[in-house]
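Spelled out from the first residue to the last, the chains are:
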Amino acid sequence: MTASHAAAYEPVFTGSVLAKLEALYPRYPDKRSLLLPTLWLVQEARGWIPEDAVREVAEKLDLTAAYVRGVVTFYTMYHTHPVGRHFIQVCTTSPCGMCGSEEVARALVEHTGCGDLGATSPDGRFTVIEVECLGACGFVTPILIDEDFIESVTPETVPAILARYS
Amino acid sequence: MTDAMVSVTIDGVPVQVPKGTMIIDAAKQAGVLVPHYCYHPALPSPAVCRMCLVEVEKAPKLMPACVTAVADGQVVHVGSQLARDARKAVLEFLLINHPLDCPICDQAGECELQDFVYQEGRSGTRYSDYAKRYAPVEDFGPDVLYVPNRCILCTRCVRFMDSVAGDAVLEVYDRGDRAYIGIDAEQRLDHPWAGNVVDLCPVGSLISKDFLHKARAWDLDKTPSICPGCTQGCNITVDTRDSAVVRLRPRPNLDVNRHFICDTGRADYRWMNRGDRVEAPLIRDGDRFQACDWNVALDRIAALVLQAEGGIVVLAGGRASCESIGWLLRVAGERNRGAAMKVPLGEEAPIGSIPNLALRRERAANLEGGRVLGMRSEWRDTMSQLQGAALVLVADVELDDGDIAALAGARRVIHFASVPDPRITTADVVVPITTMVEEQGVYVNRDGRAQRFLPARSAPGMARPIWWAAAQAWQRGSGGRRAPSTAAEAFGALDAFAGVSYRDLGFGGMTVAQRESATT
Amino acid sequence: MGYPHPIHPRETPVLSTHFGETAARTYAGWVERGGYIALRRALTMLPDDIVNEVKASGLRGRGGAGFATGMKWSFMPKDDGKPHYLCCNADESEPGTFKDREIMRWTPHALIEGCAIAQLAMRAETCYIYIRGEFTEPYRIMEMAVAEAYAAGVLGPNAMGSGKRIDVVLHRGAGAYICGEETALMNSIEGRRGNPRIKPPFPAVAGLFGKPTTINNVETLAAVPAIINRGAEWYSTLCLGNPKSTGTKLISVCGHVQRPGVYEITLGFPMKDLIYDLCGGMRPGRTLKAVIPGGSSVPIMTPEEVEDCVTDYEGIVAKGSMLGSGGMIVMDDSTDLVYQIMRLARFYAHESCAQCTNCREGTAWTTRILERILAREAKPSDLDLLLELSDQMTGRTICVLSDSCAAPVVSGIKKFRADFDAYLGAAPAVAMAGV
Chain P
232 MTASHAAAYE PVFTGSVLAK LEALYPRYPD KRSLLLPTLW LVQEARGWIP EDAVREVAEK
292 LDLTAAYVRG VVTFYTMYHT HPVGRHFIQV CTTSPCGMCG SEEVARALVE HTGCGDLGAT
352 SPDGRFTVIE VECLGACGFV TPILIDEDFI ESVTPETVPA ILARYS
Chain H
151 MTDAMVSVTI DGVPVQVPKG TMIIDAAKQA GVLVPHYCYH PALPSPAVCR MCLVEVEKAP
211 KLMPACVTAV ADGQVVHVGS QLARDARKAV LEFLLINHPL DCPICDQAGE CELQDFVYQE
271 GRSGTRYSDY AKRYAPVEDF GPDVLYVPNR CILCTRCVRF MDSVAGDAVL EVYDRGDRAY
331 IGIDAEQRLD HPWAGNVVDL CPVGSLISKD FLHKARAWDL DKTPSICPGC TQGCNITVDT
391 RDSAVVRLRP RPNLDVNRHF ICDTGRADYR WMNRGDRVEA PLIRDGDRFQ ACDWNVALDR
451 IAALVLQAEG GIVVLAGGRA SCESIGWLLR VAGERNRGAA MKVPLGEEAP IGSIPNLALR
511 RERAANLEGG RVLGMRSEWR DTMSQLQGAA LVLVADVELD DGDIAALAGA RRVIHFASVP
571 DPRITTADVV VPITTMVEEQ GVYVNRDGRA QRFLPARSAP GMARPIWWAA AQAWQRGSGG
631 RRAPSTAAEA FGALDAFAGV SYRDLGFGGM TVAQRESATT
Chain Y
10 MGYPHPIHPR ETPVLSTHFG ETAARTYAGW VERGGYIALR RALTMLPDDI VNEVKASGLR
70 GRGGAGFATG MKWSFMPKDD GKPHYLCCNA DESEPGTFKD REIMRWTPHA LIEGCAIAQL
130 AMRAETCYIY IRGEFTEPYR IMEMAVAEAY AAGVLGPNAM GSGKRIDVVL HRGAGAYICG
190 EETALMNSIE GRRGNPRIKP PFPAVAGLFG KPTTINNVET LAAVPAIINR GAEWYSTLCL
250 GNPKSTGTKL ISVCGHVQRP GVYEITLGFP MKDLIYDLCG GMRPGRTLKA VIPGGSSVPI
310 MTPEEVEDCV TDYEGIVAKG SMLGSGGMIV MDDSTDLVYQ IMRLARFYAH ESCAQCTNCR
370 EGTAWTTRIL ERILAREAKP SDLDLLLELS DQMTGRTICV LSDSCAAPVV SGIKKFRADF
430 DAYLGAAPAV AMAGV
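Chains as they are written, first to last, in the numbering used here: chain P, 232 to 397; chain H, 151 to 670; chain Y, 10 to 444.
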């Protein structure tokens, strides 16, 4: 990270995002507890959690950058690198896996053009990853596209679902 | 036994300990070592390494000794088959991804992983068919490298930086078996006390760049000493290899420095190994110095002292021992017209969360010792009054150019020096002296605690301690009284410490109050 | 009801009565359905009387451990002058478990009401509901319901005009199974890595923010309004088996049954009937091979064990497993158990927090051995090694994640040895569906 790069960094917490953060303060007795919600706000604003944002959050909450980074890397839903415009999580843990979710995962990779799990499609539209249990084991296969939780997906329904995301 | 005490039996040894004591600490008292990694007496215990699991009778499962408080009547087994098997399993888990690069690891020989594996681990691996985790070495800070492959994630370093140094620049990143110790790319492990993480690391994961590949642990000799860097008086161990100092490390003293030393003190050892030493007494012969034997030099010193009717000034450096200062002052005797210690100043650097522990502004280990012994003049005042002084005794002190100029006004100078200072052209005698790592002595720290240090390396040539040379010169004019022949005698003869011996001081030192109660 | 299927006559709907009714989600809709009467009543009761009522009902923790709820509440100190906290554990992440999700999706006010009553009982002004990050829809629904409850004056500084303060705060997780462990959950609310804490101190002494805290599961809290409304005696008589297991339990059934879904049974209900009657049994032409009855961390059961198993805390223990969270994974004869067990082990290896050595290294190693077995590269001695590792991963760590990894491995090897042997070349290969 060069100095010029750092200088170019535009803080996340200004204007309405800052207002959202400040609205959270009364909910907790200390600043540290705001960390998870604050990181969610960063991800909402930037699509992922860049290193500079880690430092900004650390400063905002009186924590160290390493501390914040330790938390970011603990929770798998925070992205530590950029992802496609639409982030698709498909559950392949046992209960789903034994009912065909791996075929759904394959269909998602194929129809998004991602090429592989974890990769982003060349048009930057999608990233597909396998995740552990999404907690909807009776509705195989559950997938999460951004904030949309979609149940009972089959390889056949994949193209129509993807068409809803530009 | 009071209500506040409980009785427990550990591996058959009954002990009484205060209520609330953890099993691991009670075991120490019973003389039983509970193997451990994450536990450290100076840090909060997270109970994560699972190495200290012990069998507690009536408990449903093995208990972590570091966080399990003793209960009255408890019976603990550290050496039982169940506990040993549990440790064996932990060791195996810790080794599956370990590189086993002991032959090139600085920690080898003082590695707790190596030690416990030899003691209780498996001789072979059952993980041989899998590739090990690998991550490259990282540069954490001025003197610290991180070797992730050797890391056992005990988190001592993380906890030290957070709870002791108050500068949480290290944290566990990621999770599961992908976890490692991380630092922000824009931050450095450069807290003034950060080097302690190297000592705290039970394995070779955090290593000192300064010590890198310098010596094998088993080739080192270890000598208890006192850090000569400032008035804090941190207890240290001087590690030498073939009589060269290669490393300074903290020696625990709960009343002074707990388990830590600062990075400034840790790094300041190179002067101890200087090769350009004064190795023989030198006597002025016109424009030149002439080497001579001790008898000639001591006679000359005694004569200079006798002739110094206009008064004697004593100038000492902050590393001069109590013995040396005391005997210099005794030599000056009634003709003493000023005694000052030179105190270099630096920035104060507290460790963080421990009260009364800091790298002090006053970079003179024996400032308080000098004061106790009567060295009470201001350096600057003393230097301004050197003009015409009959005799100045310059003892192990680094002089700046202003000091040198002032010294030129003195009629006679005796220079007690470990290294030659060609700027002092007026010296009549240059006395070859040992440094504090080559002699035995006592420093008094800023809180009045008198603490011993021992010789860690051999003295070069004919160098002797200042106190010895001073006392020998004193004997020559003492009318038959005998000079001390050992440091212990030299110390025992000091009025300021009357009634206190080396033996009394031990290796934890004694405060003024303790010394007073010992002599009454 | 057996959501998403119509209610089955043999179910006992208490919590699930309104599953599937969108109108029940709103404050008005909930009040129409008898909502917040229990809270109004609780506001007139002494805290200890609420605790005693719950004690008398026999309600036990529905998250997995099955600890008596009233007893747990009674551990909270009284008159200590400190703030108290309630944490609602909505981090439902145990593979096979998806019941709390339906409670939050359909009856969010039941949960809010249950939290509020529990808060009164434990003098906890603030409740944090910790919702796993993946539950985007339940979070939105809960968010709306909480806002409505504040707007209606049910929550806030003067709850229902009582002069008492009741605050409910939603806290969103971010992808960590272990945060369902109660002490990890507290760390996560506090903005820390979700590492489980050492006990003692127990949460009731020093929990969230170092203050007395109780953590209850969503289903446990959602059951409380009904107990206050209809009385402890009514609840305690909902019992078909052991008298220590009272009330109804949501069982989320997934896997190879005809009608997977969330079924509400009276505790003591025959497991066989649950699978074959309520869920419609196996898919055509298939037979039952194995059941994991209480979420993925409990031992696997054989069809013989299922045969006369009573679905309650004691009944399943008697068959060598546990009721756990009530997440039932049913597997038919097409299942490759070794593969499924490997997937579970991989899950635990992925979710291990990295604190304890045995778990951090043990879960990963276990997964690798299982992968090697599946690749047909294993040695017969690997099964003994797996058992040995599992032994050293059980009862050795701060929390039970590593025990959970070991449980299906041990029960799998012991009860379904043939599946493993097939990969070791000792027997012909079994069917490998799902590979």
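If you are wondering where the hints come from, they were derived from the structure by calculation, not from laboratory data. Beta carbons: idealized from backbone N, C-alpha and C, even for Gly. Just to be clear, a hint being listed does not mean it is correct.
[What the hints assert, rightly or not] In silico lysine-lysine, BS3-like type, Cα no more than 25 Å apart, as pairs:
1. Lys282(H) - Lys423(Y)
2. Lys208(Y) - Lys64(Y)
3. Lys238(H) - Lys424(Y)
4. Lys208(Y) - Lys211(H)
5. Lys372(H) - Lys359(H)
6. Lys169(H) - Lys208(H)
7. Lys281(Y) - Lys87(Y)
8. Lys211(H) - Lys423(Y)
9. Lys208(H) - Lys208(Y)
10. Lys178(H) - Lys372(H)
11. Lys208(H) - Lys238(H)
12. Lys388(Y) - Lys424(Y)
13. Lys281(Y) - Lys423(Y)
14. Lys220(Y) - Lys169(H)
15. Lys91(Y) - Lys262(P)
16. Lys208(Y) - Lys169(H)
17. Lys220(Y) - Lys91(Y)
18. Lys220(Y) - Lys388(Y)
19. Lys328(Y) - Lys178(H)
20. Lys238(H) - Lys178(H)
21. Lys220(Y) - Lys262(P)
22. Lys87(Y) - Lys211(H)
[What the hints assert, rightly or not] Non-contacting residues of chain P with respect to chain H, defined by C-beta distances greater than 12 Å in every case (computed):
23. Arg258
24. Gly278
25. Val285
26. Tyr306
27. Asp347
28. Pro353
29. Ala391
Query raised in the report: So which of the earlier hints does this model not fit?
Result: Violated hints (numbers, rising): 1, 3, 7, 18, 19, 22, 25, 26; every other hint is consistent with the structure.
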